[in-house]
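Asks: Produce the complete structure using the sequences and hints provided.
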Amino acid sequence: MDEFTLFYFKFLSGTKANNSWLLLANQAAFKSWSGYAFENLAIRHAFAIKKALGIHGVITNEYAWQKKRTTNQQVFKLTSL
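Numbering (my numbering), first residue to last: 22 to 102.
Simulated from the structure, these hints should not be mistaken for laboratory data.
Possibly wrong hints are sitting among the right ones.
Pairwise CB distance ranges (calculated) [stated by the list, open to error]:
1) Ala67 x Phe25: 18 to 24 angstroms
2) Ile76 x Ser34: 35 to 41 angstroms
3) Asn82 x Gln48: 28 to 34 angstroms
Each computed DSS-like pair below joins lysine-lysine, with the alpha-carbon atoms no more than 27 angstroms apart [claimed, not checked]:
4) Lys71 x Lys52
5) Lys52 x Lys88
6) Lys89 x Lys31
7) Lys71 x Lys88
Built from N, CA and C at the ideal position, the CB exists for glycine as well.
Replies: This is the structure we're talking about:
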């Protein structure tokens, strides 16, 4: 599983090839997906990112942001991966 495959099946599979990139990029579904894909990519490659930044010796934990709503309130929490 990779981000391009997810992108292809979500947005391109079964559509006409002449769709405008600008129209696709302005859709709310695409914006949500791109944030999700970026987060997954960063978490998968966290060590390489830390190494490139010169901080690979620092002990860290990687988390994904998750927002859950209840009927009366919004609850925000971090989820460990």
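Asks: Honestly, which of those hints from before does the structure not fit?
Replies: Violated hints: none; all satisfied.
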